[in-house]
Each structure stands twice: as C-alpha cells, then as structure tokens.
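Visitor: Sequence:
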Amino acid sequence: MKIQVESTTLDDKRKAVEHASDNATRALRKLEQHYNGGVVQSPTTGLVGASIPHVGNVYEAGEPLMSIYTGEAYVLAYLPNQYQFAIKPGLEVLVSSGRYQDKGILIETIPLSEALPQEFQNTFKPTERNQLAKIALLDPTMFPVNEKVTITLKLNWVDVAVDRFMK
Numbered sequence: 081m082k083i084q085v086e087s088t089t090l091d092d093k094r095k096a097v098e099h100a101s102d103n104a105t106r107a108l109r110k111l112e113q114h115y116n117g118g119v120v121q122s123p124t125t126g127l128v129g130a131s132i133p134h135v136g137n138v139y140e141a142g143e144p145l146m147s148i149y150t151g152e153a154y155v156l157a158y159l160p161n162q163y164q165f166a167i168k169p170g171l172e173v174l175v176s177s178g179r180y181q182d183k184g185i186l187i188e189t190i191p192l193s194e195a196l197p198q199e200f201q202n203t204f205k206p207t208e209r210n211q212l213a214k215i216a217l218l219d220p221t222m223f224p225v226n227e228k229v230t231i232t233l234k235l236n237w238v239d240v241a242v243d244r245f246m247k
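For the sequence shown, the working numbering assigns the number 81 to the initial residue and increments by one for each residue that follows.
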C-alpha cells in the first residue's frame, strides 16, 4: 500500500514536471519567434556602421543597436565663417582624404550652424560654429563612411572676376 501511494505521488510529481517543462518549451519557442531567433532585420538596405551588437550585450528599450547608412553618399562640409567668393550650389570642389581624391559638386548650403567636430577644433580658441553644406561625390564609393576629408575649391578665375565685377 505504501509503495502504491508513493508511486501515485511520484507519478503526479512527474506529470507536474512534464507540464512545467512543456510550458517552458512553449514560452521559449514564443520568445525565439518574437525575437526572430536573435536575427535583427532592418526595414531597409544599406551599409552597417562600425558599432554592432555582440552576443551577450544587453540593450535598454529604445537604445540603438547599430547605425545603417542608406541613400547616396555625400560630404557634410563645415563652411568657413569668412570667404572671398560666393559659395553657391553648383560649385565644383575637390574632395581629398590623403589617400583618395575626387571631384564633387556643392548641391546645397544648409541653413544651419553646427559646432565643429572635436578634431577640427582649436584647443586655444572658443568652440566655433559653422554653416553646413552638402557636397555630392562623383564617385560615392571612393571614400569610407565618416572619413575626414579636405574640401578645396576648383576655381575658374574668370568666373571669380566676373562675380566680383557684377557686385
């Protein structure tokens, strides 16, 4: 009799453990489905930035996992505060990084003043703010994303003289 009671008790416990195990398995499947098995899919195609998530990292809700660069590549230029000629859309420029050089076209002066990035700042001067401009590259694949480049003007001195004369 005692063995029969213990057998029934153990059988009930086994069924409870099996039920709990089934519930845990279902919950795990739902989580894997919800989180796509750990695969993050972007709603757009593009170039993934250098900072990417690693296995085991924990992110807060709303915290970005990575940057994805989309659209045509362009240079965001910080215009000098003073210049000797008119800067306007259509102006041809040379874009160089030390390794590469390409032609570009100033497509837009942005009506926004922004603080220069740290690498452009002078330690002994107050923080400068410069107007922004957007420059389209003739070969958008030539420069890596976020590379520091130098912009120089491809001047046509006849146009400069005419521009000055017309003022």
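Quick caveat, the hints were computed from the structure, so don't treat them as lab data. Hints are supplied without guarantee of correctness; some may be wrong.
Label pairs and their computed distance ranges (CB to CB) [said to hold, decoys possible]:
1. R179 - V138: 47 to 55 Å
2. E188 - Y139: 20 to 28 Å
3. I83 - Q121: 36 to 44 Å
4. Q121 - E227: 25 to 33 Å
5. N226 - P160: 18 to 26 Å
Just so you know, even glycine gets a beta-carbon here, dropped at the ideal spot from N, CA and C.
Visitor: Please name the hints from earlier in the document that this structure breaks, with their numbers sorted from lowest to highest.
Guide: Violated hints (numbers, rising): 1, 2, 3; every other hint is consistent with the structure.
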